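Spelled out, the chains give:
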Amino acid sequence: MKKKYVIGGVIVLAAVIYLVIVILQNMGSYYQGVSEFYEDIEKIGDNNVRVAGTVVDGSVAWDAEKVKLSFIITEGDQNLPVLYNGAQPSNFKEGSAILVEGKYGSDGMFHASQLILRCSSKYEALLE
Amino acid sequence: MIEIGRIALIIALPVAIFSLLASISAARSESGRFYKGARYGILGIFGLYTLALAVVLYAFFTDDFSVKIVAEHSSHDLSPLYSLSALYADKAGSVFLWGWLISLFSALLVCLTGKADRRMTACTMAILVVIEAFYICLVVLVGNVFAPQSSPVSDGFGLNPLLQNFGMLVHPPLLYLGFAGFTIVFALVMAAVIDRSPDIWRNTLVRHWAIFAWCALGVGNIVGMWWSYNELGWGGYWAWDPVENAGLMPWLLGTAFLHSMVMGRQRNYLTAWGLYLIVFTFVFTLLSPFITHGGIESPLHGFYGSSFPPYILGAMIVVVIGSLILIYIRHRDIRSKESPPSLISRESAFLFTNIILIVLVIIILIGTVLPGIIEGVGGTKIALERSYFDSTCGPIMLLLVLLMGVCPLLGWGKSTWKSPGRNIIIFLLAGTIVSAVILTTGTGNWYIAVVLICGLVLFVIFREWWRGTAVRHNNQKINYFQAFFSLINSNRARYGGFIAHIGIILLALGIIASSFYSIEKTVTLDIGETASVSKYELTYQELTFKQDSAKISAVAKVLVSRSDKEVTTMHPSYAYWFSHDNFFAEVAVRTAAAEDLFVSLVWTAFDPDDKSATFRVLVNPMIVWIWAGGGFFLLGGAVSFSFREKQSSRGTG
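For the protein sequence lines, the chains are F and E, in the order given.
Under the numbering used here, the first residue of the first sequence is numbered 1, with each subsequent residue one higher.
Under the numbering used here, the first residue of the second sequence is numbered 1001, with each subsequent residue one higher.
Just chain F, same shape as in the assembly (with noise of 0.2 Å):
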């Protein structure tokens, strides 16, 4: 009976510290301001990371031909341009609060490779 035990204490410690290690690989891309972006953004280099602020009016150019939309976040009194190759996503217009998910370019740019509204288009009726 005790080795049973054992045994299964050893497969759900072995079992919970597989789950820990995941969590912590996957865990790396939290999401921070424009702002904070910035402060951070030597440490960042060429990580993925996610940049969460608001579409700014006027910023928004759409490139039919090459499927390109590139438009400015703000957060903080710091703005960010963005480029994202695709399509604006539903629900997706000047003043929304948005998070961006990708790398930041040489260039200057942001560009992303995924864009997140916040409450996610899905939700935003069920939510208010």
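The set of hints was computed from the structure by calculation and includes no laboratory data.
The model shown is predicted, which means the values in this text are computed figures rather than measured ones.
Beta carbons: idealized from backbone N, C-alpha and C, even for Gly.
Be careful, since some hints might not be right.
In silico BS3-like links for lysine-lysine, alpha-carbon gap of 30 Å or less [unchecked claim]:
(1) E:Lys1551 x F:Lys66
(2) F:Lys93 x E:Lys1611
(3) F:Lys66 x E:Lys1557
(4) E:Lys1068 x F:Lys68
(5) F:Lys68 x E:Lys1557
(6) F:Lys2 x F:Lys43
(7) F:Lys66 x E:Lys1611
(8) E:Lys1546 x F:Lys43
(9) F:Lys93 x E:Lys1546
(10) E:Lys1521 x E:Lys1565
(11) E:Lys1477 x E:Lys1557
(12) E:Lys1551 x E:Lys1068
(13) F:Lys93 x E:Lys1557
(14) F:Lys93 x E:Lys1565
(15) E:Lys1535 x F:Lys93
(16) E:Lys1521 x F:Lys66
(17) F:Lys93 x E:Lys1521
(18) F:Lys66 x E:Lys1546
(19) E:Lys1535 x F:Lys68
(20) F:Lys103 x E:Lys1521
(21) E:Lys1546 x F:Lys68
(22) E:Lys1535 x F:Lys66
(23) E:Lys1477 x E:Lys1551
(24) E:Lys1521 x F:Lys68
A short list of chain F residues far from chain E (calculated; beta carbon distances all over 10 Å) [claimed, not checked]:
(25) Val6
(26) Ser35
(27) Asn85
For this one, chain F is given, so just place chain E on it according to the hints.
Showing chain E alone in chain F's frame:
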């Protein structure tokens, strides 16, 4: 007018207290008068609640914008059909509807029970009445659905276009049906514990409500995926979003509960597991709608944000502690009586199934609430990547599928390596060959392994069916068709389970194929231009503009052909909605068994002189298999549901 609804619910509260006292008295004294009183109380609550619901729905149908909930979620041009969606688009509205379902089910339960086992029914009623009263308090005191609109408006704000979809019309009610169903199961099981009822797991009511709730929740989740796929336009159907997880976790726990129930009925094994599992299934249903509406839906919100109601957390703690104390007090009466089976037996396979399902739920729960907890405690904003879920849940789910295949090969009770030996060896041999093939092809395509394992499991299930059918065909001299149905009929509970397992396999195959073999392309075309995606040629033929009171839409006509043969014409559209001052895409999907062609019109200038438009095209393999899996859940559930106790002798499952 709307006040009538509020008053009806307020009157329902003293009725609930009366009904509670009456049912407690009935349980103690077995007095017929008290019993009757409690029953009438439950029916009375249902009547009053229904009146309240009717009043609110009336306000929606007549566009009464003096009511806040109507003004916020409806509008003149909203189709009456979607008035329902507008009701549960509101946080309080969905709690309201959910509470009504519990009152409906409680009323159904007291009508169905008749004269059977009065004491246990009285205990059940007492528990249900407390739950109902809790919901009524929530609706009346906290999320007030009867609140008047503070400043008068001529038209409502309107319903989010994304919610104006058939999937969204049925997805939330299906989930609530499941949640309310598990609430009934919880009440029945706890009542049986209080009453020391010896045969909880042979109780037909428990079985029926559990299967019903499981089906509703399972199909509800799949309809949610269907909606996400067809309406949101991102081409996927599952994102490990907290809202999705909230619907999945109670379903997984409910699945584990069903398995414990089967073991409890057939082998008097895992009986305590069943009790704990139904407690946690119920608690997770409480958690679920408040994750949905409480505000942890997006990574920008914290779990312990002000919107997560502390009284729900309080209720959950009360339920867990109360139930655990109750189970502890009665633990002598409910312990499994038989000696534990050996490690290699069908019983153990059920035990492992339970353990794996619980581990899954723990992992998903951690992933769902951890970012919020860390933010709440340390203030650091953390987002867990999707790969956390994929890399932990994927292999575990695979293990579960494997168990489905091993289980039927195992014998009951004290089997050793010898008795099921041959079957196991065949299975393991097949598994080894599979692994060898994968390793030697050296591509590291582990998803091929999944497909092959699924194939093996299907093989085991069909072999079971084939053998049974063949035996019946030979012994009873009936044709194979009759033999097959006679086999299913002989133990519907068991074969219903197998059918549900086939549903899981279809689901797994669909998910694997569509996750790893999807092809995507975004392209801007002028009228007459053609783009090729995978084997398809898409020709953009025409763009037409349409306007109605809610929106202006641009509808594209896209001709699809494949190796110079015309396949179909698709009409994706892109619309500007006035009420939301925003654009929404309406995707067009061509479904086939092998793959879906998914075309979304994501941009156009709404300019009659420049009709160039941007399309996002996806080729998603085997998506329809996922929806088919949902169908098998329903079918398997229905077959199991129709099972009657006397049909089978003990231990044949």
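Hint check:
Restraint check for E:Lys1551 and F:Lys66: satisfied, since their Cα atoms lie roughly 28 Å apart, inside the 30 Å limit. A C-alpha spacing of about 22 Å is found between F:Lys93 and E:Lys1611, which places the hinted pair at or below 30 Å, so the restraint holds. The hinted pair formed by F:Lys66 and E:Lys1557 meets the criterion: a straight-line CA distance of about 22 Å does not exceed 30 Å. Between the alpha carbons of E:Lys1068 and F:Lys68 the distance comes to roughly 41 Å, so the proposed pair goes past 30 Å and is violated.
Distance restraint check for F:Lys68 and E:Lys1557: the Cα-Cα separation of roughly 24 Å lies within the 30 Å cut-off, and the hinted pair is therefore satisfied. Of the supplied pair hints, the one linking F:Lys2 and F:Lys43 is violated, its CA atoms being roughly 50 Å apart against a limit of 30 Å. For the given pair, F:Lys66 sits about 16 Å from E:Lys1611 by alpha-carbon distance, which is consistent with the 30 Å threshold. Distance check on the hinted pair: E:Lys1546 and F:Lys43 sit about 51 Å apart at the alpha-carbon level, beyond 30 Å; violated.
Between F:Lys93 and E:Lys1546 the CA atoms are separated by roughly 22 Å; this keeps the pair inside 30 Å, and the hint holds. This hinted pair checks out: E:Lys1521 and E:Lys1565 have alpha carbons roughly 21 Å apart, not beyond 30 Å. Restraint check: the Cα-Cα separation between E:Lys1477 and E:Lys1557 comes to about 58 Å, which exceeds 30 Å; the hinted pair is violated. For a cut-off of 30 Å, the pair hint linking E:Lys1551 to E:Lys1068 stands: about 24 Å separates their Cα positions.
For the proposed pair F:Lys93 and E:Lys1557, the alpha carbon gap of about 26 Å is at most 30 Å, so the pair holds. About 40 Å separates the Cα atoms of F:Lys93 and E:Lys1565, which puts this hinted pair outside 30 Å; it is violated. At most 30 Å may separate the alpha-carbon atoms for a hinted pair to count; E:Lys1535 and F:Lys93 exceed this at roughly 35 Å. Restraint check for E:Lys1521 and F:Lys66: the C-alpha separation of about 12 Å stays at or below 30 Å, so the hint holds.
The suggested pairing of F:Lys93 with E:Lys1521 holds, with an alpha-carbon distance near 23 Å, which does not exceed 30 Å. Distance check on the hinted pair: F:Lys66 and E:Lys1546 sit about 27 Å apart at the alpha-carbon level, within 30 Å; holds. Pair hint E:Lys1535 plus F:Lys68 holds up; C-alpha atoms about 25 Å apart against a cutoff of 30 Å. For the proposed pair F:Lys103 and E:Lys1521, the alpha carbon gap of about 22 Å is at most 30 Å, so the pair holds.
The suggested pairing of E:Lys1546 with F:Lys68 holds, with an alpha-carbon distance near 27 Å, which does not exceed 30 Å. Taking the CA atoms of E:Lys1535 and F:Lys66, the gap is about 23 Å. The hint holds against a cut of 30 Å. A distance of roughly 65 Å separates the Cα atoms of E:Lys1477 and E:Lys1551; the hinted pair therefore is violated under the 30 Å criterion. For the suggested pair E:Lys1521 and F:Lys68, the alpha carbons sit about 13 Å apart, so the restraint of at most 30 Å is met.
Residue placement check: F:Val6 keeps its beta carbon more than 10 Å from all beta carbons of chain E (closest about 15 Å). Non-interface status of F:Ser35 relative to chain E is upheld: no Cβ of that chain comes within 10 Å, the nearest being about 14 Å off. Its beta-carbon lying about 8 Å from the closest one in chain E, F:Asn85 breaks the requirement of being farther than 10 Å from that chain.
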